[in-house]
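> Sequence:
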Amino acid sequence: MAVKEKKPLVSILMGSQSDWGVMSHAAQKLDDLGIPWEAQAISAH
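Here the sequence shown is numbered in the numbering used here, starting from 1 and rising by one per residue.
Keep in mind that the hints were calculated from the coordinates and are not lab data.
Hints may be right or wrong, so weigh each one.
Derived DEER-like restraints, expressed as beta-carbon distance ranges [said to hold, decoys possible]: (1) Lys7 x Lys29: 26 to 34 angstroms; (2) Leu9 x Ala41: 30 to 38 angstroms; (3) Lys6 x His45: 13 to 21 angstroms; (4) Trp20 x His45: 15 to 23 angstroms; (5) Lys7 x His45: 15 to 23 angstroms; (6) Pro8 x Ser43: 19 to 27 angstroms; (7) Val22 x His45: 28 to 36 angstroms; (8) His45 x Met23: 30 to 38 angstroms; (9) Gly21 x Ala44: 15 to 23 angstroms; (10) Lys7 x Ile42: 30 to 38 angstroms; (11) Leu9 x Ile42: 27 to 35 angstroms.
These figures come from a predicted structure and were not determined experimentally.
Here a beta-carbon is modelled for each residue, glycine too, at the ideal position from N, C-alpha and C.
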């Protein structure tokens with residue numbers, strides 16, 4: 001997971017780091033569109 005250099009417009013939130021395998025596709029699409037993003041794994045426990 002990474003935080004892009006520009007101020008993020010989109011947050012990708014996941015329940016655990018293991019979800020990154022799926023959500024990385026969303027991050028790639030945002031990169032393709034030039035949309036700054038950030039990703040965080042946040043657990044409710």
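> Determine for every hint whether it applies to the structure shown.
Hints, verified against the model:
1. Lys7 x Lys29: 26 to 34 angstroms: Roughly 19 angstroms apart at Cβ, these two residues miss the hinted range, so it is violated.
2. Leu9 x Ala41: 30 to 38 angstroms: 20 angstroms, violated
3. Lys6 x His45: 13 to 21 angstroms: 32 angstroms, violated
4. Trp20 x His45: 15 to 23 angstroms: 18 angstroms, holds
5. Lys7 x His45: 15 to 23 angstroms: Cβ of Lys7 to Cβ of His45: about 30 angstroms, so the range 15 to 23 angstroms is violated.
6. Pro8 x Ser43: 19 to 27 angstroms: Given about 20 angstroms between the Cβ atoms, the range holds.
7. Val22 x His45: 28 to 36 angstroms: Distance hint for Val22, His45 is violated at roughly 20 angstroms.
8. His45 x Met23: 30 to 38 angstroms: Given a distance of about 19 angstroms, which is not inside 30 to 38 angstroms, the answer is violated.
9. Gly21 x Ala44: 15 to 23 angstroms: With Cβ atoms ~20 angstroms apart, the hint holds.
10. Lys7 x Ile42: 30 to 38 angstroms: Violated - the Cβ-Cβ distance for Lys7 and Ile42, about 20 angstroms, lies outside 30 to 38 angstroms.
11. Leu9 x Ile42: 27 to 35 angstroms: At 19 angstroms between Cβs, range violated.
In this structure, the earlier hints numbered 1, 2, 3, 5, 7, 8, 10, 11 are contradicted, and the remaining ones agree with it.
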